[in-house]
Amino acid sequence: MREITYTEALREGLREEMELDASVFLLGEDIAGYGGAFGVTRGLIDKFGAERVINTPISEGSFVGAAVGASLVGSRPVVELMFMDFIALASDQLVNHAAKLHYVFGDQAKCPLVVRAVGGAGRCYGPTHSQSLEAWFVHTPGIKVVAPSTPADAKGLLKTAIRDNNPVLFMEHKLLYNERGPVPRIADPIPLGKARVVAKGEDLTIVAYSAMAMESEKAVIELHEHGLSAELIDLRSLCPMDIDSIVESVKKTGRLMVVEEGHRTAGVGAEVACRVFEEAYDYLDAPIRRVASVDVPISASPPLEQALLPSCEKIVTAALELIGTD
Amino acid sequence: MREITYTEALREGLREEMELDASVFLLGEDIAGYGGAFGVTRGLIDKFGAERVINTPISEGSFVGAAVGASLVGSRPVVELMFMDFIALASDQLVNHAAKLHYVFGDQAKCPLVVRAVGGAGRCYGPTHSQSLEAWFVHTPGIKVVAPSTPADAKGLLKTAIRDNNPVLFMEHKLLYNERGPVPRIADPIPLGKARVVAKGEDLTIVAYSAMAMESEKAVIELHEHGLSAELIDLRSLCPMDIDSIVESVKKTGRLMVVEEGHRTAGVGAEVACRVFEEAYDYLDAPIRRVASVDVPISASPPLEQALLPSCEKIVTAALELIGTD
Amino acid sequence: MGEKNKLLDYYRTMLLIRFFEEKVEDLFRRGAIKGTSHPATGQEACAVGACAALGKKDYVTSTHRGHGHMIARGGDPSKIMAELFGKESGYSRGRGGSQLMADFQLGFLGSNGITGGGLPLATGVALSAKLRHTRRVVACFFGDGASNQGTFHESLNMASLWKLPVIYICENNLYAMSTNIKNSMAVKNVAERAAAYAMEGVRVDGNDVLAVHDAVHMARVKAKKGDGPSLIECATYRLSGHSRGDPRKYRTAAEEKEWEAKEPIKHLRKLLLKKKYMTGKESTAIRKEARQIIAEAVKFSKRSKFPDESTLTEGLFA
Amino acid sequence: MGEKNKLLDYYRTMLLIRFFEEKVEDLFRRGAIKGTSHPATGQEACAVGACAALGKKDYVTSTHRGHGHMIARGGDPSKIMAELFGKESGYSRGRGGSQLMADFQLGFLGSNGITGGGLPLATGVALSAKLRHTRRVVACFFGDGASNQGTFHESLNMASLWKLPVIYICENNLYAMSTNIKNSMAVKNVAERAAAYAMEGVRVDGNDVLAVHDAVHMARVKAKKGDGPSLIECATYRLSGHSRGDPRKYRTAAEEKEWEAKEPIKHLRKLLLKKKYMTGKESTAIRKEARQIIAEAVKFSKRSKFPDESTLTEGLFA
Ligand SMILES: Cc1ncc(C[n+]2csc(CCOP(=O)(O)OP(=O)(O)O)c2C)c(N)n1
Ligand SMILES: Cc1ncc(C[n+]2csc(CCOP(=O)(O)OP(=O)(O)O)c2C)c(N)n1
Ligand SMILES: [Mg+2]
Ligand SMILES: [Mg+2]
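Going line by line, the protein sequences match chains U, W, X and S. Just so it is clear: in the first sequence, position 66 is 66 by our numbering, and no numbers are missing. Numbering-wise, our numbering comes out as the position in the second sequence, counting from 1, plus 1000. Numbering-wise, our numbering comes out as the position in the third sequence, counting from 1, plus 2000. Numbering-wise, our numbering comes out as the position in the fourth sequence, counting from 1, plus 3000.
Same shape as in the complex, but just chain U:
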């Protein structure tokens, strides 16, 4: 199969959905001529024109709010947040509006809205351009959260997110944009809430998503060299979350490790761990292990940034320790 980058896959997903459905339009800072800070929307203005690829002023609160409004009356806006850190400026619109309107107003009100947010660290962009803030939204009932780790998933999940009749936070990772992978030319949408088993294994279950799924994949290979067989599950979507697949795996392996790039305390890993603890308590042979970012702001300096982030090495070390606790 042809290989394309995560960026190209996203762009294809956007293009195809825009071709299929005239109600889809794009909104965000510098997404038109410039193609977005990371180039995802590059060229789409030429194909779809300024009516459907709309540059906004720097007004995160209101252009996300406007997207919510547009979604209520028949449009399907896809908003780009140049950095996920800026979602703090739009959280009222997502939490107090988008996430609640359908539940409260009933079937008359739907918010088919996608917010693409560029998350993650690893490029030395510093404290306010590197965060992974998905946990806030996993904690918010009424908004779906998706975080693809491969080009194929990026395309397939984005298509699904756009077709979904609910607000979806679609988290992209800046370190993944240049990753290449096989992507079918005619890609089916990938259902939300179905995890992907990246590697089969017996000794340990590793659950990850976004860039940390890629990092964990490397770790699985290294663990093999240590004679350990780890099962790797890429969550793909955090809400809905495919707890069943995780539980099933843990019933087999007896051990769970959750890897996430967000800060450790009260992160997504805590939820995954808790759910497994609640549903597979009797099958666990060891404590659940969380590998996550250290609870301090994300430094720009390379050694500090690396010290803070989870990595293949840290995952391997944690896995060996976890097995050791047997």
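Just so you know, these hints were derived from the structure itself, not from any lab. Hints should not be assumed to be uniformly reliable.
To be verified - Cβ-to-Cβ under 7 Å is the rule here; a few derived chain U residues that face chain X:
1. 65
2. 67
3. 70
4. 110
5. 142
6. 178
7. 195
Claimed, not checked - Each computed DSS-like pair below joins lysine-lysine, with the alpha-carbon atoms no more than 25 Å apart:
8. U:252 x U:194
9. S:3222 x X:2188
10. X:2299 x X:2288
11. X:2288 x X:2275
12. X:2188 x S:3249
13. S:3182 x U:47
14. W:1047 x X:2057
15. X:2249 x W:1047
16. X:2023 x X:2182
17. S:3182 x X:2224
18. S:3006 x S:3275
19. S:3163 x W:1047
20. S:3188 x X:2225
21. S:3163 x X:2188
22. X:2222 x S:3249
23. S:3004 x S:3262
24. S:3275 x X:2182
25. S:3222 x X:2182
26. S:3163 x U:314
27. U:314 x U:252
28. S:3163 x X:2182
29. S:3004 x S:3266
30. S:3225 x X:2188
31. S:3006 x X:2163
32. S:3182 x X:2225
33. U:194 x U:218
34. W:1314 x X:2034
35. S:3249 x U:47
36. X:2163 x S:3182
37. X:2163 x U:47
38. X:2222 x S:3182
On a predicted model such as this, the values are computed, not experimentally measured, just so you know. Glycine included, each C-beta is placed from N, C-alpha and C at the ideal position.
Given the structure of chain U, go ahead and fit chains W, X and S with the ligands onto it with the hints provided.
Just chains W, X and S with the ligands now, kept in the frame of chain U:
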């Protein structure tokens, strides 16, 4: 000891700190003549004048931001957010600024800022006036989170929060304002990060905070009638969190239940559970149980609101089930 | 519809709003309903005048003080009342309460509990209306207090930049809760802010239903022509407290009196009598009819069932 | 200090900023530093003119494009450069990078990675300065793009309402990243927005260091008198890309040429020569000196150590 309400205790705390330290001032909507939507600051304008009890326009983002700025140069602002739900409008200021500036700029920069936010449901105020959003900030490194459940704690912890040299999210609960309790006239500040053992017990540890500590206290009494002795720990502050006290208790009781009013998924309870699981795995005789709000927006209608919220009854039922799983 | 019938219609609707809100206050006092609510008493001319100038397919976004807007747009008083009672038969099945109701069939896209929250929503609705070439217009209600939110600035700028078909209608009732506009706005009038968005800003007597109607009508014509948004400031006053239990100590009796003299229903009533569009007897009949509708709404609400607990988790996602 | 020395001083500082930014671009190209950075090339007159008008005890808040402001305020180029290198000897010990540095001893309260984030901070600093009766003034830098954020509206309204001693200094360089102000602002100039806050708004040639100085000086006098805030728009242009790797395709060569002809350092240089404050030879010496400082900054940075991993968790709380 004299008994006063939670509201009066907060007001006393504010008054005393304003008397002690001229750099303390109050900022918020309708806090001056009106005394705030819940009357906490009533009368303080008469004592301290309009220079120190400042009514703001409805501009949550910027008056919280202004408080952060003021805190950097020698003031100690105490901001009131009329409803905690509105913190979504100010989260950039807290997360991307207040929480990070000291870590990044070092000792030259301190943010001695308190944000008093009125959280919680139970008064049929509906989806956007009832939320408990503390989990977001527990997940954010660099901001402390405090949530008193009694008048004495309200006063003592508020005094400490005001004296603290860091940003503190101080969560008050609208159902607690009229609760009475003994409060020493001369109250010592209560250190952050020290939980309070509300009841001693052997069979089960219950961890709670804010209004749910009160609810759990009722449950402990009911459980007694069922012949069960529960140990109740009121966290008081969520960051720093007194994990040691919880672990110590769990080592004795072998069972843990966490009660919180925030939504269940990726809430504070998940973190508490995870920490205990990490640190007291071998002592647990049963799965950890979370009692929390159901993951849907908080309805205004009384029966739906009650169905969503944790309650004494639900805590008792969960406790009995938990013991049953033994 | 001739002028007579139009004016009589406004009068009926304004009375309906007035009696609705008075009944709600009464029900709160008697503990029959819970939560809170923000009465539009005294501001009826804004809601009725504005909605009368709109077309059937236009959209409306509203605020925390939304019962009046909803009634003016043709909303069913019984379903609004039932929502206040927290009943299954309410507009939001009891889920939203006073601050969160919608009727999309009427183009009424919802009241809103977040001050200033409706501004970007309305802007986005207008953007969608424009992109879909619908020629529909959006009327966005908000208060003087809301005009201090950042969303006001961001939204009006975008709407003007993109020439969106939206009419920003500010009901300036002098107060945001207890805060007088003198203490919340650096300028005297909200309309003065329009120039910062290269937008027309007009200030009208918000207690004069015709003045409001005419201003909104002109703004709508402009919007439909593709000439972009307008800002209309309606000078008005709420005769009641901000929400239930507000002692209104921040206002003087003199000020309240002054505004009571200017209140919109009296004003319209005089006009109707003067123009001989209505006799005293007819007036009494209209009032009686309005009261009956409200009484019926209360009966309907009381009779209705609370939502069943089992519905709690229904419909989180579409 | 006489006019001559003042002007020479401005010239020195402007060159220092220019060379600093050019060196940074060069270091990025060669992969010597990571992350990103926003050069102030071409905007030196804004930073230098404004800071020259401030007092020692005044405060400054800055933006993502902050190196120039910091140097103009007396910041140490070596510590700024070391921060870009991510070194322990940098202003933020490598934690902040290009967008987050501060020097409180100089009253420089920090650059800021959030567009518009500095506006409420500055407003609060001014509030504190006023409450503490310090007679200090706050200069708040921000861009044309930032003026579209809600915080602009909220902050200017509060500052005007409370008569705070703050000077809002907008560097209007025509673009926010790739977006021309024509496509982001409904009005032509940022200064036009001041009227919405009953505030004076002036527009000056931001490439004329004296014009900027004078405007800020007057605003400062006003602020110190207790007469409240001002908005100063400095018309300028960044000669470089928005940040590293920006191909600048959104600008025409003609436009860039036009602005290059107007760039501030050339302008000042001509003035100095014309006034005979400087000979050609002296000019060369000054340039050389500036380059040396920058070279020293690079050496210092290269020599400095990276922060030790063990410091990662230090100082989260004060
Ligand atoms: C974001 C936000 N801040 C504060 C409130 C609390 N609140 C509700 S209504 C109100 C006053 C609004 O004033 P205005 O916009 O003038 O409308 P009015 O009440 O006068 O109709 C306030 C402060 C809120 N609901 N949302
Ligand atoms: C809240 C936020 N939105 C977007 C960005 C990304 N960004 C950084 S600088 C910039 C342009 C800012 O334009 P302007 O305010 O005119 O300043 P200039 O870069 O021209 O100096 C953008 C969009 C950001 N850092 N913060
Ligand atoms: Mg008002
Ligand atoms: Mg600019």
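Against the structure, the hints:
Contact between residue 65 of chain U and chain X, as hinted, is supported at the beta carbon level, the nearest pair being about 3 Å apart and thus within 7 Å. Satisfaction of the interface hint for residue 67 of chain U is found here, the shortest Cβ-Cβ separation to chain X being roughly 6 Å, below the 7 Å cut-off. Checking residue 70 of chain U against chain X by beta carbon gives a least distance of about 4 Å; that is within 7 Å, so the hint holds. Given the 7 Å rule on beta carbons, the hint for residue 110 of chain U holds: about 5 Å separates it from the nearest Cβ of chain X.
Checking residue 142 of chain U against chain X by beta carbon gives a least distance of about 6 Å; that is within 7 Å, so the hint holds. Because the smallest distance between the Cβ of residue 178 of chain U and any Cβ of chain X comes to about 33 Å, over 7 Å, the interface hint for this residue is violated. Interface hint at residue 195 of chain U: violated, since its Cβ lies 19 Å from the closest Cβ of chain X, which is beyond the 7 Å cut-off. The suggested pairing of residue 252 of chain U with residue 194 of chain U holds, with an alpha-carbon distance near 19 Å, which does not exceed 25 Å.
Annotation: proposed proximity of residue 3222 of chain S to residue 2188 of chain X holds, straight-line Cα distance about 22 Å (limit 25 Å). Straight-line distance between C-alpha atoms of residue 2299 of chain X and residue 2288 of chain X comes to about 16 Å, which keeps the hinted pair within the 25 Å bound. Pair hint residue 2288 of chain X plus residue 2275 of chain X holds up; C-alpha atoms about 22 Å apart against a cutoff of 25 Å. As the CA atoms of residue 2188 of chain X and residue 3249 of chain S are separated by approximately 44 Å, the hinted pair breaks the 25 Å bound.
A threshold of 25 Å between alpha carbons decides the hint, and for residue 3182 of chain S with residue 47 of chain U the separation of about 23 Å falls inside it, so the pair holds. About 55 Å separates the Cα atoms of residue 1047 of chain W and residue 2057 of chain X, which puts this hinted pair outside 25 Å; it is violated. Of the supplied pair hints, the one linking residue 2249 of chain X and residue 1047 of chain W holds, its CA atoms being roughly 18 Å apart against a limit of 25 Å. With a C-alpha separation of about 32 Å, the suggested pairing of residue 2023 of chain X with residue 2182 of chain X is violated against the 25 Å cut-off.
Between residue 3182 of chain S and residue 2224 of chain X the alpha-carbon distance is near 23 Å, which keeps this suggested pair within the 25 Å criterion. Annotation: proposed proximity of residue 3006 of chain S to residue 3275 of chain S holds, straight-line Cα distance about 13 Å (limit 25 Å). Straight-line distance between C-alpha atoms of residue 3163 of chain S and residue 1047 of chain W comes to about 23 Å, which keeps the hinted pair within the 25 Å bound. Restraint check: the Cα-Cα separation between residue 3188 of chain S and residue 2225 of chain X comes to about 23 Å, which is no more than 25 Å; the hinted pair holds.
Straight-line distance between C-alpha atoms of residue 3163 of chain S and residue 2188 of chain X comes to about 15 Å, which keeps the hinted pair within the 25 Å bound. For a cut-off of 25 Å, the pair hint linking residue 2222 of chain X to residue 3249 of chain S is broken: about 36 Å separates their Cα positions. For a cut-off of 25 Å, the pair hint linking residue 3004 of chain S to residue 3262 of chain S stands: about 22 Å separates their Cα positions. Taking the CA atoms of residue 3275 of chain S and residue 2182 of chain X, the gap is about 51 Å. The hint is violated against a cut of 25 Å.
Distance restraint check for residue 3222 of chain S and residue 2182 of chain X: the Cα-Cα separation of roughly 22 Å lies within the 25 Å cut-off, and the hinted pair is therefore satisfied. Under the criterion of a C-alpha separation no larger than 25 Å, the hint pairing residue 3163 of chain S with residue 314 of chain U is inconsistent with the structure, at around 54 Å. At roughly 24 Å between alpha-carbon atoms, residue 314 of chain U and residue 252 of chain U fall within 25 Å of each other, so this suggested pair holds. Our distance criterion of 25 Å between C-alpha atoms is met by residue 3163 of chain S and residue 2182 of chain X, whose separation comes to about 13 Å.
For the proposed pair residue 3004 of chain S and residue 3266 of chain S, the alpha carbon gap of about 17 Å is at most 25 Å, so the pair holds. Of the supplied pair hints, the one linking residue 3225 of chain S and residue 2188 of chain X holds, its CA atoms being roughly 23 Å apart against a limit of 25 Å. As the CA atoms of residue 3006 of chain S and residue 2163 of chain X are separated by approximately 48 Å, the hinted pair breaks the 25 Å bound. Our distance criterion of 25 Å between C-alpha atoms is met by residue 3182 of chain S and residue 2225 of chain X, whose separation comes to about 22 Å.
For the proposed pair residue 194 of chain U and residue 218 of chain U, the alpha carbon gap of about 22 Å is at most 25 Å, so the pair holds. A threshold of 25 Å between alpha carbons decides the hint, and for residue 1314 of chain W with residue 2034 of chain X the separation of about 23 Å falls inside it, so the pair holds. About 18 Å separates the Cα atoms of residue 3249 of chain S and residue 47 of chain U, which keeps this hinted pair within 25 Å; it holds. Of the pairs offered as hints, the one joining residue 2163 of chain X and residue 3182 of chain S holds, with about 13 Å between alpha carbons and a cut-off of 25 Å not exceeded.
Restraint check: the Cα-Cα separation between residue 2163 of chain X and residue 47 of chain U comes to about 23 Å, which is no more than 25 Å; the hinted pair holds. With a C-alpha separation of about 22 Å, the suggested pair residue 2222 of chain X and residue 3182 of chain S falls inside the 25 Å cut-off, and the hint holds.
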